[in-house]
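Now for the letters of each chain:
2 protein chains.
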Amino acid sequence: MTKPESKTSGIALVTGKPANVSEELVINGSNADSTHHAMAPATPTKPKSAKQVSRDNFSRRNTETEVFDDGTNTFFWRAHTVTVLFILTCVLVYVTLLEETPQDTTYNTKRGIVASILVFLCFGVTQAKDGPFTRPHPAYWRFWLCVSVVYELFLIFVLFQTVHDGRQFMKSIDPKLGVPLPERDYGGNCLIYDPGNTTDPWHNIWDKMDGFVPAHFLGWYIKTLVIRDWWMCMIISVMFEFLEYSLEHQLPNFSECWWDHWIMDVLVCNGLGIYAGMKTLGWLSMKPYQWQGLWNIPTYKGKIKRIAFQFTPYSWVKFEWKPASNLRRWLAVLGIIFMFLLAELNTFYLKFVLWMPPEHYLVLLRLVFFVNVGGVAMREIYDFMDDPKFYRKLGQQAWMVAAITVTEFLIVVKYDPKTIMLPIPFFVTQCWILGILLIFSWTLWRFFIRDITLRYKDARRRKQEVTGDSDRPHGNGSPATPSGRSKLNGSSESLRHRKS
Amino acid sequence: MTKPESKTSGIALVTGKPANVSEELVINGSNADSTHHAMAPATPTKPKSAKQVSRDNFSRRNTETEVFDDGTNTFFWRAHTVTVLFILTCVLVYVTLLEETPQDTTYNTKRGIVASILVFLCFGVTQAKDGPFTRPHPAYWRFWLCVSVVYELFLIFVLFQTVHDGRQFMKSIDPKLGVPLPERDYGGNCLIYDPGNTTDPWHNIWDKMDGFVPAHFLGWYIKTLVIRDWWMCMIISVMFEFLEYSLEHQLPNFSECWWDHWIMDVLVCNGLGIYAGMKTLGWLSMKPYQWQGLWNIPTYKGKIKRIAFQFTPYSWVKFEWKPASNLRRWLAVLGIIFMFLLAELNTFYLKFVLWMPPEHYLVLLRLVFFVNVGGVAMREIYDFMDDPKFYRKLGQQAWMVAAITVTEFLIVVKYDPKTIMLPIPFFVTQCWILGILLIFSWTLWRFFIRDITLRYKDARRRKQEVTGDSDRPHGNGSPATPSGRSKLNGSSESLRHRKS
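Chains A and B supply the protein sequences, listed in that same order. Following UniProt numbering, the numbering of the first sequence begins with 1 at its first residue and continues without gaps. Following UniProt numbering, the numbering of the second sequence begins with 1 at its first residue and continues without gaps.
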């Protein structure tokens with residue numbers, strides 16, 4: 001990030017006993033630049049150089065990943081590598097030596113695969129690299145990282161099967177799967193007030209009021225916490241409705257009434273979700289992050305509150321996407337929106353091509369999975385975008401989420417190329433071409449033409465100034481030239497500065 | 001380590017431009033405690049407190065894992081997370097969308113599994129946690145970590161199959177496998193000079209001079225580099241011959257002539273290997289570790305030399321196992337020797353129970369694998385043993401190697417319980433019981449009885465002293481009591497200090 005929230009991070013850093021902070025960090029395997037720690041809260045108003053910002057970045061990352069409360073190295077925070085290894089060995093001895101091995105090859109194969117996955121999780125949860133999040137516990141996020149690896153490998157396997165085999169392979173997970181989905185009738189009557197129905201003229205609205213309304217609300221609440229930006233959320237929310245319009249000839253369940261699209265979805269469900277999310281974000285960024293060890297809190301009520309707060313983040317980073325600040329950020333933000341929408345579309349298309357009923361528990365599990373990994377991935381992308389030189393690597397979870405989204409899309413393309421290739425209606429194509437052209441020309445104007453124009457004007461004015469100066473008698477004006485020109489100069493300077 | 005090699009690490013730290021070191025480290029995502037860096041070479045003679053040692057430890061780990069030469073962030077050292085992701089996507093698109101999918105389910109299944117493994121390696125090599133080694137490149141060690149995960153999962157899968165299925169499963173790796181091994185005749189004529197054979201009375205010796213002699217030599221050369229201790233190597237080498245003697249009733253290829261055991265193996269092959277290994281260790285620990293970036297070396301010859309040195313370690317840590325210093329270290333060293341011998345036995349038993357011919361390439365691959373992961377694992381164990389509070393975690397590679405050794409052993413037990421349970425000859429049992437009793441009683445004496453005795457004697461002497469003092473007129477002796485007693489006191493003090 002170019003500008004870490006000095007206030008929040010300041011509070012987070014001065015928590016407890018400042019003198020011990022660096023010492024604790026060193027002992028805990030962290031690597032605090034202690035001078036900087038001590039300095040940071042004292043000089044929040046100084047303009048920060050690039051190096052200082054990168055150090056800030058660094059110390060932020062540090063405190064978040066390495067610190068554990070006030071240094072109370074309790075059971076909860078200690079690593080249990082040897083314990084896990086010992087328990088794993090005992091379980092393996094019991095299951096493989098003391099239990100009789102069944103003679104059923106298929107059953108054993110399944111059992112072997114499940115056992116491999118469990119051992120992988122054991123290894124990963126204790127040993128995988130930590131990500132940016134520590135609350136409620138780093139192991140929680142390591143667990144989801146491992147789950148994403150397993151899910152990606154599963155997708156790769158499915159991708160390499162024939163369409164028939166792949167769909168039948170789902171039977172080995174749930175015997176009810178692998179059956180074609182029934183055709184459904186969507187769309188229909190779109191009257192908000194239906195005078196034809198005498199018992200309840202509003203029945204069309206009540207029909208839409210099913211479990212998906214709170215699901216949409218909750219979904220957008222979480223998405224807002226993940227993206228942490230009002231504008232990006234609104235754009236994605238509206239764009240998705242456009243996508244539904246554009247693709248309703250491929251997936252019939254995208255076809256909804258106009259008021260379902262714009263009022264129910266965008267305004268009510270998503271809008272309220274985003275509003276609630278933004279409120280929560282405000283609270284999270286204002287909340288003082290003072291972490292006291294559980295055992296040091298005297299009262300019982302305090303302890304309970306502390307345990308509840310364990311499920312809030314360790315500290316908070318406000319995302320400032322600033323898409324227009326330079327070309328790289330602009331392309332990155334476009335890319336993020338694109339991947340986000342692709343992941344959303346995958347939810348519907350993947351169900352469709354793998355013959356998964358919408359109410360199947362695997363569909364829900366996939367969403368729970370994405371909720372957990374999405375936040376980490378977005379934070380890692382933000383960090384990577386913000387200071388690629390410092391972090392050098394795109395975060396592991398972001399890498400995995402990108403790979404998963406791509407693989408899911410490839411499965412959709414491979415399993416049902418016919419649906420994907422259904423010709424898009426002419427009107428829709430026109431709209432999309434127009435939209436893309438607009439974005440393209442804005443990009444061209446903002447990052448290339450505007451800059452050139454400004455530089456050209458700047459050069460011309462300077463030239464004029466030089467000519468005017470030589471015309472005028474010398475020693476006349478003040479050394480500083482406070483004029484409209486310098487203002488423009490300044491803005492062009494700052495523009496160039498921002499772009500460098 | 002309790003005592004890092006101050007000379008070597010000092011040189012490593014002052015390399016190039018000391019003023020920039022900490023800055024480079026911070027920029028490169030490392031986290032140098034810069035004050036400490038600057039201090040370390042200046043005060044090498046000061047006795048180090050526990051905290052300082054742990055900091056030393058920490059900075060050592062840091063410089064080794066994070067630094068890259070003189071900060072020249074060349075292509076070779078940069079992370080390529082996004083590039084790898086992009087290439088992976090392209091390959092997946094080509095293989096799954098543009099190539100025709102074969103209709104053969106078995107072939108597709110195998111292909112899917114291989115593809116999953118490759119994707120896992122892609123992820124792991126770019127994103128896995130770095131271990132203690134950096135040369136020739138951290139990605140190299142990440143690769144072997146991932147291989148060890150894949151190997152462990154494969155072992156777990158095999159462990160969960162029935163014996164018949166497991167052996168037949170090997171056919172899917174190599175169709176030639178899954179066939180019972182032919183019975184072999186071992187032992188036989190043990191005369192060094194065979195007068196019965198008129199053409200060449202020394203033929204028994206020449207018969208033994210096969211490819212296994214250089215293999216044994218090379219094996220022990222590498223093992224010495226891994227263990228880095230003359231005594232531990234010798235003990236393991238001799239113990240293994242004892243194990244061969246003890247288990248020759250189970251595995252016939254353990255039965256060798258006495259001179260093959262003691263002269264050919266222990267003295268010639270292993271002995272020379274250990275000797276060469278110790279010489280190399282000496283060179284590695286004396287070698288000045290000055291790393292200059294490749295592009296900064298002017299001459300062509302210098303560049304070549306620099307490239308060759310890339311395959312030597314970044315810096316060197318002498319292992320000082322000190323098994324007798326306290327009970328924990330003693331038990332840890334016993335455990336390491338035990339696991340080492342178990343892994344060596346697994347080599348032979350696993351071949352036997354999975355029907356692998358000794359010359360099969362998988363057997364060789366397994367050894368290559370162990371050579372690569374063994375060094376990392378041993379270093380991680382050493383670090384863990386030396387300062388468990390600081391590292392907190394048993395290293396990931398050590399964890400994996402332990403899990404693999406245990407799983408291999410479980411496979412052996414499950415696949416051929418009969419062989420394992422063959423009754424051990426009475427004489428052999430007696431020897432082992434004697435040996436274990438000796439170790440047990442030494443442990444008891446060294447870490448319990450000796451300490452109690454010393455303390456008792458100490459207390460009695462103090463009492464005598466007090467009595468003597470009260471008998472003697474006051475103000476007579478000097479305040480410091482320089483006597484044989486205080487010397488013993490001191491030794492008992494230092495003993496207690498070492499134990500704490």
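Each hint should be verified, as a subset may be incorrect.
In this list, chains with the same sequence are indistinguishable; a pair is considered to hold if it fits within one copy or across any two.
As the list claims (entries may be wrong) - Below, a list of computed lysine to any residue pairs in the SDA-like style, where the Cα atoms sit at most 25 Å apart:
no. : residue 1 : residue 2
1   : K418      : E99
2   : K418      : T405
3   : K110      : Y245
4   : K171      : Y107
5   : K110      : W355
6   : K129      : I87
7   : K393      : R78
8   : K110      : Y151
9   : K110      : S172
10  : K322      : F447
11  : K351      : P417
12  : K279      : R306
13  : K129      : A79
14  : K393      : C90
15  : K393      : L118
16  : K129      : M385
No lab work stands behind these hints: they were computed from the structure. Fair warning: this is a prediction, and the values are worked out from it, not measured in the lab.
Please sort K393 with L118 into within, between, both or neither, judging by C-alpha distance up to 25 Å.
between (28 Å within a copy, 20 Å between copies)
At most 25 Å between alpha carbons: which applies to K351 and P417, within, between, both or neither?
within (15 Å within a copy, 47 Å between copies)
Should K110 paired with S172 be assigned to within, between, both, or neither, using CA atoms and 25 Å as the limit?
Close inside one copy (8 Å) and across copies (17 Å); limit 25 Å.
Is it within, between, both, or neither for K418 and E99, if the alpha carbons may be no more than 25 Å apart?
between (50 Å within a copy, 17 Å between copies)
Between copies, within a copy, both or neither: which fits K129 and A79 at Cα up to 25 Å?
Result: close both inside a copy and across copies, 13 Å intra and 16 Å inter.
Within, between, both or neither, where K110 and Y151 count as close if Cα-Cα is 25 Å or less:
So K110 and Y151 pass the 25 Å test inside a copy (16 Å) and across (18 Å) alike.
Between copies, within a copy, both or neither: which fits K129 and M385 at Cα up to 25 Å?
both (20 Å within a copy, 21 Å between copies)
My question is about K393 and R78: at a cut-off of 25 Å on alpha-carbon distance, are they close within one copy, between copies, both, or neither?
between (27 Å within a copy, 9 Å between copies)
When Cα atoms must be at most 25 Å apart, do K110 and Y245 count as within-copy, between-copy, both, or neither?
For K110 and Y245, neither the intra-copy (42 Å) nor the inter-copy (41 Å) Cα distance is at most 25 Å.
Treating 25 Å as the Cα threshold, decide for K322 and F447: within, between, both or neither.
For K322 and F447, the Cα distance is within 25 Å only inside one copy (14 Å; across copies 65 Å).
From the Cα coordinates, with 25 Å as the cut-off, is the pair K171 and Y107 best called within, between, both, or neither?
For K171 and Y107, the Cα distance is within 25 Å both inside one copy (14 Å) and across copies (19 Å).
First find the shortest C-alpha distance between K110 and W355 inside one copy, then the shortest across copies, and answer within, between, both or neither for a cut-off of 25 Å.
Cα proximity of K110 and W355: in one copy and across copies (22 Å, 24 Å).
Of the hints listed earlier, the one the structure fails to meet is number 3.
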